[in-house]
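Student: What follows is the residue order along each chain.
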Amino acid sequence: MSDRPILRFESVVRDFSSGGGWFGERRVLRAVNAVDLKVPAGRVTGVVGESGCGKSTLARLALGLIRPSAGRVLFEGEDLAAQSRGRMRRLRARMQMVFQDPYSSIDPRWAVGDAIAEPFQVQGIRMSRAERAARIADLLAMVGLDPSQAASLPHHLSGGQKQRVGIARALALEPSLVVLDEPTASLDVSIQAQIIALLEGLKARLDLTYLFISHDLGLVRYFCDRIVVMYLGSVVEILPSPDAEIRHPYTRALMDSAFVPDPTRRQRLTRATGEISSAFDLPPGCAYAPRCPHAVQRCRIERPRLDPSTHPVACHLPLDRAGARS
Amino acid sequence: MSALKPLLQAIATPRGAPAALVLVSVVVVAILADHLAPHAYDAQNLMRANLPPSADHLLGTDEFGRDLFSRILYGARISLGVAVTSIGASVAIGLVVGAVAGYAGGWVDRILMAVVDLTWAFPEILIALVLIAILGPGLGSTAVAITVGYMAQFARLARAQIVALKGETYVEATIGLGAGHVHLLMRHLVPNALTPVLVAGMLATGDAIVLEATLGYFGLGAQPPLPSWGAMMSSGVGQMFLAPWVIVFPGLAIAITVVAINLFGDALIDALQIRNRLREG
Amino acid sequence: MALLEVEGLTIGIGRFTPVEGVDLAVDRGEVLGLVGESGSGKSLTAMALMGLLPLIRGEVRSGSIVFDGVDLTDRPPDLHRRLRGRRIALVTQNPMTSLDPIRTVGAQIDEVSRLHRGLDARSARARSLALMDEMRIPRASAVHGQYPHQLSGGMKQRIVIAMALAGDPDLVVADEPTTALDVTVQAQIVRLMVDLVRDRGLALVLITHDMGVVAQACDRVVVLYAGRIAETGPVETIFAAPHHPYTRALIGCIPTEGQRRGTLIGIPGQVPSLVDYPDHCRFAPRCAAASATCTSAAPALDAIGASRVACFHPLGRDA
Numbered sequence: 001m002s003d004r005p006i007l008r009f010e011s012v013v014r015d016f017s018s019g020g021g022w023f024g025e026r027r028v029l030r031a032v033n034a035v036d037l038k039v040p041a042g043r044v045t046g047v048v049g050e051s052g053c054g055k056s057t058l059a060r061l062a063l064g065l066i067r068p069s070a071g072r073v074l075f076e077g078e079d080l081a082a083q084s085r086g087r088m089r090r091l092r093a094r095m096q097m098v099f100q101d102p103y104s105s106i107d108p109r110w111a112v113g114d115a116i117a118e119p120f121q122v123q124g125i126r127m128s129r130a131e132r133a134a135r136i137a138d139l140l141a142m143v144g145l146d147p148s149q150a151a152s153l154p155h156h157l158s159g160g161q162k163q164r165v166g167i168a169r170a171l172a173l174e175p176s177l178v179v180l181d182e183p184t185a186s187l188d189v190s191i192q193a194q195i196i197a198l199l200e201g202l203k204a205r206l207d208l209t210y211l212f213i214s215h216d217l218g219l220v221r222y223f224c225d226r227i228v229v230m231y232l233g234s235v236v237e238i239l240p241s242p243d244a245e246i247r248h249p250y251t252r253a254l255m256d257s258a259f260v261p262d263p264t265r266r267q268r269l270t271r272a273t274g275e276i277s278s279a280f281d282l283p284p285g286c287a288y289a290p291r292c293p294h295a296v297q298r299c300r301i302e303r304p305r306l307d308p309s310t311h312p313v314a315c316h317l318p319l320d321r322a323g324a325r326s
Numbered sequence: 327m328s329a330l331k332p333l334l335q336a337i338a339t340p341r342g343a344p345a346a347l348v349l350v351s352v353v354v355v356a357i358l359a360d361h362l363a364p365h366a367y368d369a370q371n372l373m374r375a376n377l378p379p380s381a382d383h384l385l386g387t388d389e390f391g392r393d394l395f396s397r398i399l400y401g402a403r404i405s406l407g408v409a410v411t412s413i414g415a416s417v418a419i420g421l422v423v424g425a426v427a428g429y430a431g432g433w434v435d436r437i438l439m440a441v442v443d444l445t446w447a448f449p450e451i452l453i454a455l456v457l458i459a460i461l462g463p464g465l466g467s468t469a470v471a472i473t474v475g476y477m478a479q480f481a482r483l484a485r486a487q488i489v490a491l492k493g494e495t496y497v498e499a500t501i502g503l504g505a506g507h508v509h510l511l512m513r514h515l516v517p518n519a520l521t522p523v524l525v526a527g528m529l530a531t532g533d534a535i536v537l538e539a540t541l542g543y544f545g546l547g548a549q550p551p552l553p554s555w556g557a558m559m560s561s562g563v564g565q566m567f568l569a570p571w572v573i574v575f576p577g578l579a580i581a582i583t584v585v586a587i588n589l590f591g592d593a594l595i596d597a598l599q600i601r602n603r604l605r606e607g
Numbered sequence: 608m609a610l611l612e613v614e615g616l617t618i619g620i621g622r623f624t625p626v627e628g629v630d631l632a633v634d635r636g637e638v639l640g641l642v643g644e645s646g647s648g649k650s651l652t653a654m655a656l657m658g659l660l661p662l663i664r665g666e667v668r669s670g671s672i673v674f675d676g677v678d679l680t681d682r683p684p685d686l687h688r689r690l691r692g693r694r695i696a697l698v699t700q701n702p703m704t705s706l707d708p709i710r711t712v713g714a715q716i717d718e719v720s721r722l723h724r725g726l727d728a729r730s731a732r733a734r735s736l737a738l739m740d741e742m743r744i745p746r747a748s749a750v751h752g753q754y755p756h757q758l759s760g761g762m763k764q765r766i767v768i769a770m771a772l773a774g775d776p777d778l779v780v781a782d783e784p785t786t787a788l789d790v791t792v793q794a795q796i797v798r799l800m801v802d803l804v805r806d807r808g809l810a811l812v813l814i815t816h817d818m819g820v821v822a823q824a825c826d827r828v829v830v831l832y833a834g835r836i837a838e839t840g841p842v843e844t845i846f847a848a849p850h851h852p853y854t855r856a857l858i859g860c861i862p863t864e865g866q867r868r869g870t871l872i873g874i875p876g877q878v879p880s881l882v883d884y885p886d887h888c889r890f891a892p893r894c895a896a897a898s899a900t901c902t903s904a905a906p907a908l909d910a911i912g913a914s915r916v917a918c919f920h921p922l923g924r925d926a
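Just so you know, the protein sequences line up as chains P, U and Y, in that order.
Take the first sequence: its position 225, counted from the start at 1, is 225 in my numbering, and no numbers get skipped.
Take the second sequence: its position 68, counted from the start at 1, is 394 in my numbering, and no numbers get skipped.
Take the third sequence: its position 220, counted from the start at 1, is 827 in my numbering, and no numbers get skipped.
These are calculated hints, taken from the structure and not from any lab test.
Since this is a predicted model, take the numbers as computed values, not measurements.
Just to be clear, a hint being listed does not mean it is correct.
Anything over 10 Å on all C-beta distances counts as not near chain P; from chain Y, calculated [what the hints assert, rightly or not]:
hint	residue
1	622
2	634
3	724
4	728
5	822
6	847
7	898
If you want a taste of the chain Y side facing chain P, the calculated C-beta under 10 Å gives, among others [stated by the list, open to error]:
hint	residue
8	617
9	789
10	793
11	817
12	861
13	865
14	868
Just so it is clear, CB atoms sit at the ideal spot from N, CA and C, and this is done for glycine as well.
Model the full structure from these sequences, guided by the hints.
Tutor: Below you can see the structure in the form of structure tokens.
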């Protein structure tokens, strides 16, 4: 387990524009706002945040599915935006994604076995029919499905089973990095737990690196080694371990909002007031200032940067400093 | 095979069954005209002109003494044949143009759609007349006219489908596997985009038959002695009160075929929509 | 007698029986949690309470829904329709689809007051503004004139709740009201709803799949599995000493604070399909404690302390 980063974001910015043309004004949404991040190999890095925080965009940037508007994304030291098509295809074999919605992540007209073997087809890996069938059976078994399911169509499977197929397909090319974009958000709780257990087993068995994107803080704290907290496109805190002392007010608010399944611990306080602002008109200072109970004038003018420590936080008044008690 | 299921479901409805029966009959007639027709379609006998229906001439004779029944049977071959081949070609071209436009986006999309919209702006009959003025009347020109005239709707439909499908998660997933454009288009996008385009094609066939008949009526389509239903109606106008069967029967043939196509098309649409809803349930 | 008492509710759709023998009761000032995963029948139960089953070609096959002493299943459907919006209100999951996109949100709340309370335009608007304040919507008069697309998800949901309360109902049925919202907003909305129950003496039936929400908001809980009640009881008991193996397994599926990775197991297998619901205990195939009895008959709902459990081998029976 080395600490060499398998994935690096260097001042990555990603904008989306909407409107424009003759009648609308052109507006720019800054989904990812100058993010610097290292994802170490062999560990589970969680990215948590609410809607508009940019975590899904980050996931797609990580796999080169979209290009940064500025900055670089480096996978195993290679700048994804600078690759030739052929080289990119070969790189893709080493980094795969498991998507949130199992219902739409497999082509409804393809049999499950064909979908799992598609990676081989796309990458030009030739194999005999017997070999192909054997690999499909292996992959199905690896994700806990019966090999006889290979001929089934997706709509015959349950949500949990479809997600297992998605995982099998992501593992077909034996990637080193797997990006999991809310892989269990659409599933029932009992199935979610099954899938998480499956992912744990696979990580150990195949020595994978996970980038685990979720809005569920409880799940992230359970599953991840380190946790990146995002808000409106910026990284506000990176927790080096799930039980690290929380330093950013937003992370605190997120923690307080999570409903603890224990009726004897009823929380009355809500730390975050108001709603998440729009990423179209980002304020000049700290993006969280409008909602932060501790915000001062400096917070509204000057954008805080992530401090370079083992527990980075982007805040002028982090919670461990004098004054702000949690 | 999953493609047959909606077809069978459509046939199993109160509208679909008789419509399918009629269509199958028309197709059979078109194919077996040589064996079913009691007379040659161009066998003239001026002594037996404008005869009413009888045992020898089931539907009577026209102004040249030709057997109407035989001419209608062969007419099925012409009308259906031209309509199906032209629409088939139109669908194929429209599909390619629409898919490329929808997939590529940007200026490729804009240019292609501008051309498509240009053809769409004109009624098919106008396009047909212009093409025939250039190419001269005849079956071939009619086929080209139909192909060009109907292409726009298929291109638009295909493009809309592709654009919508581009956003599907499985497309993104396949790109993530390293798939190239061709693989994406041919294995995922086009197959999923086919259904509405094919159904539209089917319904357009009915329109095409009418268009062919219209052109034939003006003498611009199949040239005599070819038994185009429309041309038969045209020549029947002169005899309308003397021998109404000459105009009525071809007209009925057109009407029945087109109505059957539309009814079956509707039943097919219903079957497909219900299937989609059930799948999501 | 509680405000709402449901006994033996059995719902049928075509030849299927997705809900069977459900009992529940909720009184004013109380929050009842109706918890279950997909296919448990919780949304159908909500629709039955609202009298909306005909919309999906469903019907109450047996059982009773007694609201304020009147059995709604025994009366013409018109009675239920008149109660809807007025004394029994519904809050649904997706505020995007419950709001009319081409009318201002204020007009939509006004409409409820005018329809159910017979108020004129001016009084209705005043009432709407008061409600919006109660919903903790800032700058209510400005928001009143806005359209749904101009508001965030959390705001829209507050509007939907305001609409639900505009008729001044006694009972509110909330079907997954916070599932589509962000976590911090979820917390606000749930707290708001609980406060409303206490302040106004409402009865709230809160339908959810989220055990965290249940723990924080509910007084009593009904746990549904595959169309039947698995367990029902006070929220403290359900979490501290669950009697039904499914309840315990379900709670175990949620990672707790400080839980080490590698200990989350989940429940093996999956929910039986509606198409072949067995007559015997439906949880048996996935239950670690299942015996031969469990696959031969359906367990009855028996009382254990303040709870009721449908299980042949309930946990902690002798506790």
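Student: Now look at each hint and say whether the structure bears it out.
Tutor: Now for the hints, and whether the structure bears them out:
The non-interface label for residue 622(Y) is consistent with chain P: the shortest C-beta to C-beta separation is roughly 21 Å, beyond 10 Å. Every beta carbon of chain P lies more than 10 Å from that of residue 634(Y), the smallest distance being close to 19 Å; the non-interface claim holds. No beta-carbon of chain P is positioned within 10 Å of the beta-carbon of residue 724(Y); the least distance is around 30 Å. Every CB of chain P is more than 10 Å from the CB of residue 728(Y) (nearest about 30 Å), matching its label as outside the interface.
A beta-carbon of chain P comes within 10 Å of the beta-carbon of residue 822(Y); the shortest separation is about 5 Å. Its beta-carbon lying about 8 Å from the closest one in chain P, residue 847(Y) breaks the requirement of being farther than 10 Å from that chain. Look at residue 898(Y): its CB is around 22 Å from the nearest CB on chain P, clear of 10 Å, so calling it non-interface holds up. The beta carbon of residue 617(Y) is not positioned within 10 Å of any beta carbon in chain P (closest approach about 24 Å), and the interface hint is therefore violated.
The restraint placing residue 789(Y) at the interface with chain P holds, with a minimum CB-CB distance near 4 Å, inside the 10 Å limit. About 7 Å separates the beta-carbon of residue 793(Y) from the nearest beta-carbon of chain P, less than 10 Å, and the hint is met. Taking 10 Å as the C-beta cut-off, the interface hint given for residue 817(Y) holds, the closest approach to chain P being about 7 Å. At about 5 Å, the closest approach between the beta carbon of residue 861(Y) and any beta carbon in chain P falls short of 10 Å, and the interface hint on this residue holds.
Among the interface hints, the one on residue 865(Y) holds; its C-beta lies about 6 Å from the nearest C-beta in chain P, closer than the 10 Å criterion. Using the Cβ-Cβ criterion of 10 Å, the hint placing residue 868(Y) at the interface with chain P is satisfied: the shortest such distance is roughly 6 Å.
In summary, the numbered hints that this structure violates are 5, 6 and 8.
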